[in-house]
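Asks: My request is simple: use the sequences and hints to build the entire structure.
Number of protein chains: 2
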Amino acid sequence: MIRVTFLPNNENIEIANGGSLWETMLKAGIRPNSICSGKGICGRCKVLLKEGITEPTVRETELLSPEEIKKGIRLACQTRLYNNCTVEIFPENRIGFQGIFPLNKVDNAKDFQSSFWLDTNIEKIFLTVDKPSLSDQRSDWGRVKEALVRTKGKNLNYLQISLPLLKKLPALLREADFRVTVVICNGEITALEKGDTADRVFGMAFDLGTTTVAGYLIDLKTGEEVSALAKANSQISYGDNIVSRIDFAQNKENGLAILQKEIINTINELIDKTLQNTGISRDDIYEITIVANTCIHHLFLGVILIYLASAPFLAAFRMGFNLKAKEIPALYLSPETNIYMLPTISAFIGSDILAGILFTGMKNSEEVALLIDLGTNGEIILSKNGELWACSTAAGPAFEGIGISCGMRAIEGAIDGVRLNKNIINWHAIDNGNPKGICGSGIIDLVSDMLRIGLIDKSGKLITKKECPFGIGEQIKNRLDIRSGEYIFLLVKEN
Amino acid sequence: MIRVTFLPNNENIEIANGGSLWETMLKAGIRPNSICSGKGICGRCKVLLKEGITEPTVRETELLSPEEIKKGIRLACQTRLYNNCTVEIFPENRIGFQGIFPLNKVDNAKDFQSSFWLDTNIEKIFLTVDKPSLSDQRSDWGRVKEALVRTKGKNLNYLQISLPLLKKLPALLREADFRVTVVICNGEITALEKGDTADRVFGMAFDLGTTTVAGYLIDLKTGEEVSALAKANSQISYGDNIVSRIDFAQNKENGLAILQKEIINTINELIDKTLQNTGISRDDIYEITIVANTCIHHLFLGVILIYLASAPFLAAFRMGFNLKAKEIPALYLSPETNIYMLPTISAFIGSDILAGILFTGMKNSEEVALLIDLGTNGEIILSKNGELWACSTAAGPAFEGIGISCGMRAIEGAIDGVRLNKNIINWHAIDNGNPKGICGSGIIDLVSDMLRIGLIDKSGKLITKKECPFGIGEQIKNRLDIRSGEYIFLLVKEN
Chain A
53 MIRVTFLPNN ENIEIANGGS LWETMLKAGI RPNSICSGKG ICGRCKVLLK
103 EGITEPTVRE TELLSPEEIK KGIRLACQTR LYNNCTVEIF PENRIGFQGI
153 FPLNKVDNAK DFQSSFWLDT NIEKIFLTVD KPSLSDQRSD WGRVKEALVR
203 TKGKNLNYLQ ISLPLLKKLP ALLREADFRV TVVICNGEIT ALEKGDTADR
253 VFGMAFDLGT TTVAGYLIDL KTGEEVSALA KANSQISYGD NIVSRIDFAQ
303 NKENGLAILQ KEIINTINEL IDKTLQNTGI SRDDIYEITI VANTCIHHLF
353 LGVILIYLAS APFLAAFRMG FNLKAKEIPA LYLSPETNIY MLPTISAFIG
403 SDILAGILFT GMKNSEEVAL LIDLGTNGEI ILSKNGELWA CSTAAGPAFE
453 GIGISCGMRA IEGAIDGVRL NKNIINWHAI DNGNPKGICG SGIIDLVSDM
503 LRIGLIDKSG KLITKKECPF GIGEQIKNRL DIRSGEYIFL LVKEN
Chain B
53 MIRVTFLPNN ENIEIANGGS LWETMLKAGI RPNSICSGKG ICGRCKVLLK
103 EGITEPTVRE TELLSPEEIK KGIRLACQTR LYNNCTVEIF PENRIGFQGI
153 FPLNKVDNAK DFQSSFWLDT NIEKIFLTVD KPSLSDQRSD WGRVKEALVR
203 TKGKNLNYLQ ISLPLLKKLP ALLREADFRV TVVICNGEIT ALEKGDTADR
253 VFGMAFDLGT TTVAGYLIDL KTGEEVSALA KANSQISYGD NIVSRIDFAQ
303 NKENGLAILQ KEIINTINEL IDKTLQNTGI SRDDIYEITI VANTCIHHLF
353 LGVILIYLAS APFLAAFRMG FNLKAKEIPA LYLSPETNIY MLPTISAFIG
403 SDILAGILFT GMKNSEEVAL LIDLGTNGEI ILSKNGELWA CSTAAGPAFE
453 GIGISCGMRA IEGAIDGVRL NKNIINWHAI DNGNPKGICG SGIIDLVSDM
503 LRIGLIDKSG KLITKKECPF GIGEQIKNRL DIRSGEYIFL LVKEN
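Residue numbers (my numbering), protein chains in the order written: chain A, 53 to 547; chain B, 53 to 547.
Misleading hints may appear alongside valid ones.
Said to hold, decoys possible - In silico DSBU-like cross-links for lysine-lysine, where the CA-CA straight-line distance does not exceed 35 Å:
#1 220(A) - 91(B)
#2 545(B) - 518(B)
#3 183(B) - 376(B)
#4 378(A) - 91(B)
#5 206(A) - 91(B)
#6 183(B) - 220(A)
#7 378(B) - 313(A)
#8 283(B) - 415(B)
Keep in mind the hints are simulated off the structure, nothing from the lab.
Replies: Okay, here's the thing in structure tokens:
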């Protein structure tokens, strides 16, 4: 056995001699950054070996610079360990390192009130149930149902209740002195609570992106968005894009189960943090709604992807679908919590786009309208006269920094804002750190300003110093250069 | 450790020195016969110690005769073992020894056809599903549903399907070349099968008695009763009657879970034997229906009995109730198999009586009608002008031999038929064995004939030899005797 220590967190793990560093990281719970899922193609899983430096492999000499190799930088997927060693994981190469981050809450929710109204399918009703006596021997459930009919003033013959709740009912009724609150969802009682809890009704909405998962806590009594958090989708270490994840799910042992577990873990972490931040109890969440692209949608449910991924590209199902939290393995919610999966549109146009269509109200627009979703997959919806046309393609993960030589995710050190004019270069890096790369919003800023002042022509071509339009200052002009035979614009000078 | 060997099956088990024989039997999977659940009251758990005979306890000297003690007969619940020993279990004292036995099938089913007709809620439909192509990218479920609507010629918007079946769908459709049979139960698809299997539709009906559990296999295509088997309810070793089982469920650690497991085991054994006898596959059973007294009904579902057992005696619920086999722990049926629990009437009048009411059609009778169910619990239903009145009491387990000095269950050696007239005594013992006792049908035969020829008077009192009516032969008269100060009628003379 040899011992591997990971910095900066000083995680220690013992492995068999000759073990792969990539596998060791996974065992230690550290997910290597990767596009190629450890196949030695993308060169993303760089680590710094501080002790126990290994001989570089052929792939490493191809994918790493001589300086990097000299420093001790290696690729996790290429490295086999034969000595105790200390490995530093770079923040930008450690998925999930940034943890959970807040999203901008929709504070201007009132702006949307004309097109949206609170219409939850969760109903909480406080009941004073008749106490039993020798002259009233109705069953426990019978008297709860009678109290419901009395309180609601309508027939409830359709009402269902699950066995676990029926089992809970007798003791709960008596502990609560026959004063209970019932929760009704989709014609079924999904929770029973002691006393009057009708004021506490929450739901969560999740957007499962290929790269990022966002979770929103909504007060279903008021419609208020109480919390909005996001986190990297932990599936990323098994592939940065949909195609590589489909490949992993189909071709790796337990691939589907592993990816399902990762997305559920990510959701669990968001739920935990949301509850921790807001002080709301897990049992107060009665419903979650989920949108996702069709691939992540299937992965969350544990549905095989093979027919989604190969012609003629079929989803297993597309309809909106209710299920219980207990049907999803290890999803940490009250077991009877309702999960509503919004309908998907096709194998590659998911329910996330549907949510966008609903949100914009574009279907009812009298004008021609275009909705563009620039995620890791990009989708475009065109609306005309109430007809909608949709298509999708891989748009990213450029906006997460993939395929961009200096690209990176929006984490510490990423340039996330740029302002260029003819004489001045301004940029901003996240957390005001040293710039380490550029993320999606920085790229959009940069490209739009370069286009505006003429450093990029209408065809998208980067101009040379000689072609530089009149009026561009020397400071800017000098940043147009050639390196290794390629035209570049140097946004930040090396120290 | 000491070794205990059980005869006649030569089961061996090692236990700690000083262990209880009762517990040892349970560990060895042998359920002692008992009314008092091992409290040393009923004296039923007699065993014969062939080696390692123990000193009799005070309770044993009270409950066993000196001859029995001399022979080595002891009570399992009173005996602690300090030496290796060999213990013979008497067939009549070993619950379940008799195993599974056939019931008389309802061959005269046609007699009931006027009042019953086949009206199953299981529907099997063979579908030829459109194959997908690049010009038909509907989802797998979408095309199955379309084929269903096309085949059935009606709207099926209400139709549900569970996640496990949706997960199964894509591979199954392709393996079956898009020719599948769907099973619909209660507005939900509960099974998907390759090819055309619409002809194979079976259901099982169970009557969960306190003492005996019966299972009937019904061909839901024809209504034919294919098999009828019964078996002792394995819960018996934890109490012979409802009250002792309620006591066990409430006061023993895991009592409820143990009793639930026992009744499920009994059902599993009946299902196994039924499938084995008929060659029908487990997956061809799409629904089971269950009737039981309310206590066993609650135990099967794992619902606490405390409020059922104490005033004002409330069932947790009484309504008819559908659930899936997967909701009952370790019930060995296809997970989506529907279970319909018939409604119960009150805490002590179960769904078994309801089934009797339905079967007799007494509710619609123009005459006053009385239904008597002589089970371990006895129930009486009086019907007049469409109104039904019900009451129940402990009627047994006399008819299973409990409380009768020579009583026993209807197993080998039990006198199950008696014919008396003034000069002749005829009796029949099961399997033509030596008579070992008398079972319920024997008792009814005997008492009715004794009443008819005057050996019992109208008040139920056994007459003395002197009171014997004129015309009774000497042979009969001599059987009226006094033993240990009690009047007796000697049905069979000792050898």
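Asks: So, for every hint listed, does it hold in this structure?
Replies: So, going through the hints one by one against the coordinates:
no.	hint	verdict
1	220(A) - 91(B)	holds, 31 Å
2	545(B) - 518(B)	holds, 20 Å
3	183(B) - 376(B)	holds, 31 Å
4	378(A) - 91(B)	violated, 42 Å
5	206(A) - 91(B)	violated, 52 Å
6	183(B) - 220(A)	violated, 47 Å
7	378(B) - 313(A)	holds, 22 Å
8	283(B) - 415(B)	holds, 31 Å
Hints 4, 5, 6, counting from the list given before, are not met by this structure.
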